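There are 2 protein chains.
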Amino acid sequence: MEKRINSVGKVKATSVEFKDELLLECGQVLKNIKLVYETYGELNEDCSNAILVCHALSGNHHSAGYYEDEDERLGWWNALIGPGKAIDTNKYFVVSPNNLGGCHGSTGPSSINSETGEVYGPDFPVITVSDWVNCQVLLADYLNIATWHSVIGGSLGGMQALKWSLAYPDRIKKAGVIAAAPKLSAQNIAFNEVARQAIITDPDFQEGHYQKYNKLPKRGLRLARMVGHITYLSDEAMKEKFGRELKEGKLNFGYGVEFEVESYLRYQGDIFAESFDANTYLLMTKLLDYFDPADKFNGDLVKAFESIKAQVLVVSFTSDWRFSPARSKEISDALLQAGKDVSYLEIDSSHGHDSFLFAEDRYVRSIKAFLGSDS
Amino acid sequence: MEKRINSVGKVKATSVEFKDELLLECGQVLKNIKLVYETYGELNEDCSNAILVCHALSGNHHSAGYYEDEDERLGWWNALIGPGKAIDTNKYFVVSPNNLGGCHGSTGPSSINSETGEVYGPDFPVITVSDWVNCQVLLADYLNIATWHSVIGGSLGGMQALKWSLAYPDRIKKAGVIAAAPKLSAQNIAFNEVARQAIITDPDFQEGHYQKYNKLPKRGLRLARMVGHITYLSDEAMKEKFGRELKEGKLNFGYGVEFEVESYLRYQGDIFAESFDANTYLLMTKLLDYFDPADKFNGDLVKAFESIKAQVLVVSFTSDWRFSPARSKEISDALLQAGKDVSYLEIDSSHGHDSFLFAEDRYVRSIKAFLGSDS
Chain A
1 MEKRINSVGK VKATSVEFKD ELLLECGQVL KNIKLVYETY GELNEDCSNA
51 ILVCHALSGN HHSAGYYEDE DERLGWWNAL IGPGKAIDTN KYFVVSPNNL
101 GGCHGSTGPS SINSETGEVY GPDFPVITVS DWVNCQVLLA DYLNIATWHS
151 VIGGSLGGMQ ALKWSLAYPD RIKKAGVIAA APKLSAQNIA FNEVARQAII
201 TDPDFQEGHY QKYNKLPKRG LRLARMVGHI TYLSDEAMKE KFGRELKEGK
251 LNFGYGVEFE VESYLRYQGD IFAESFDANT YLLMTKLLDY FDPADKFNGD
301 LVKAFESIKA QVLVVSFTSD WRFSPARSKE ISDALLQAGK DVSYLEIDSS
351 HGHDSFLFAE DRYVRSIKAF LGSDS
Chain B
1 MEKRINSVGK VKATSVEFKD ELLLECGQVL KNIKLVYETY GELNEDCSNA
51 ILVCHALSGN HHSAGYYEDE DERLGWWNAL IGPGKAIDTN KYFVVSPNNL
101 GGCHGSTGPS SINSETGEVY GPDFPVITVS DWVNCQVLLA DYLNIATWHS
151 VIGGSLGGMQ ALKWSLAYPD RIKKAGVIAA APKLSAQNIA FNEVARQAII
201 TDPDFQEGHY QKYNKLPKRG LRLARMVGHI TYLSDEAMKE KFGRELKEGK
251 LNFGYGVEFE VESYLRYQGD IFAESFDANT YLLMTKLLDY FDPADKFNGD
301 LVKAFESIKA QVLVVSFTSD WRFSPARSKE ISDALLQAGK DVSYLEIDSS
351 HGHDSFLFAE DRYVRSIKAF LGSDS
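Just so you know, the protein sequences line up as chains A and B, in that order.
The numbers in this note's numbering rise by one with no breaks, and the one at position 224 of the first sequence is 224.
The numbers in this note's numbering rise by one with no breaks, and the one at position 184 of the second sequence is 184.
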């Protein structure tokens, strides 16, 4: 309850359905797109204080505050969004959508395709970060936001902020690119592929038509999440959190839970498998794999960044091995070489990739200063 | 074919069935244990030149040479074992068993339990590195080897070498502990747990009784191997090997193979799932998780090492993130503090954990010198 005191308070999700079609990068067109989103704070008169918060792989629109008095769920970035916090809702109007393809109310694989009257399922097109940004443009237009004060996010969220600054240089003033990478490494793709194969080879996946057959590929989704969780935490964080502690204090010479870390992973996998859509998870991993802004510039990131006008803050965390500081430096180095306005910050943290979710003091102060500075 | 020229040539596996019972660490007793093994080189008159080669997680007794003229399979450590090689078969008599619990001929979960007349399956006891070493003692006795010139192995193989030096200080002169760790970290256990859960939750696993039902949990075994492979290779090695190369040169916006690394992982998973036993794989991961020689000494590795008399060579590889150089240093530091005869070697290599399989020049020369030195 204590955490609520400093939060934006009770929030409510809202939604919008766009009349415009969206031409996707794959060539397909999506119609009647619905986006669910939350907002915190007030939009000022000249609409110049709007901040777009972008979620990562399994995130959603609920990034701050809480829903019901009885419902303990605080938003995923509640530590950073709120009155007086890093993203100060006394000053800014925060917009937090569930992205296209999501499974928390926005149009996605589990939605009804209005053209067929059936659930999209596996026929939902494979979308890209570019498509997400284009879809967020529709939301910005709808909310009368010509230019974002800032676009900010961690991990895949940071990639969206970067893409905004590339694709719509005149509609974004500041980009917060946190715990991200300019593109995935082969190892990153490999972990995603294991997650995908876990889902796809689950007999209940039914080639993606599980809803139609009233099944859920929970086994696969559970494994996918377990693998994911290992990459979100650092070896160090796991050591601090679990060490080699035995759940029952002794070895059992069996395959039940023995070490605390096993119990943690199974639990995380179980709750995720109950609440997330498998086709959406597949999509999200593809969004990550495909992200490569330098691809159309023969791999030249400096050239790719030429169009950027926004002021950029790049943040990395020492214990993050999913997207290590070296990967963030690739972004900031290329921005520097392209003559852009960039600051780079490496935060000491033991939480691994998940560090971006925690309100570490230097991290909070830097984001606050970055957002508050004149650009 | 070129690799054959320098090999030990055509080899044949042999086997022995022990009359002695084996009391396991879990308290159970195993009878009529059969071990399959290969030998290379000649045992000298005073039986003082025998080297025990210990395999890792998914290894077996076939560590050098080849079987048939038409069969291309070279032993897994063929790069290091052979005439004039690091483990010189002109000088040494190399003994290479398939460990207890294995699935390549030695008594294991897929063997018939002589007491019930049925396949052990999931009822095969959970064994430990200690049990492996005790079983190898039976083999040493059978082969008339009172003292090993050396016991050597990589990864889980290195843990066996270490355990030999601890448990039978008078029966081992040199221990080669390569790419190992004094115990698994929480992250190591976590990866093993994902592999286990992939197997156990495969509907074809049938609670381990898949043989009885004529099924094979291939999906699970495939996923387990895919996860494993990511941890065997370094990010760097994956980058060199695959980068972000697209199999068909372009994105397909689908879930077939797109990136080369996906193709590699699926292939590795497929062949493993065809050839390895799931219950054995579960066992092997438990052997790793349980290994902790300091456990009975309140975590004090220096105290644990007091009994050691062997000369020890500890080798690590710079790009190994499964068992990093820091983990090997824990072993060598504790040996030094315990006043033991230890050399530590860190090899520059980009192959990740798999580096111990490659004949890197400095690595080969060091092992050769270590084995050849007077102790």
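No lab work stands behind these hints: they were computed from the structure.
Do not rely on the hints blindly, as some may be mistaken.
Covered stretches of chain B, as calculated for chain A (at least 3 residues, CB under 8 Å) [to be verified]: (1) 151–159; (2) 185–193; (3) 252–258; (4) 337–350.
In this text, all values refer to a predicted model and were calculated from it rather than measured experimentally.
Just so it is clear, CB atoms sit at the ideal spot from N, CA and C, and this is done for glycine as well.
Going down the list of hints, with the structure as the test:
{"no.": "1", "hint": "151–159", "result": "violated (count 0)"}
{"no.": "2", "hint": "185–193", "result": "holds (count 7)"}
{"no.": "3", "hint": "252–258", "result": "holds (count 4)"}
{"no.": "4", "hint": "337–350", "result": "violated (count 0)"}
When each numbered hint is compared with the structure, violations occur for hints 1, 4.
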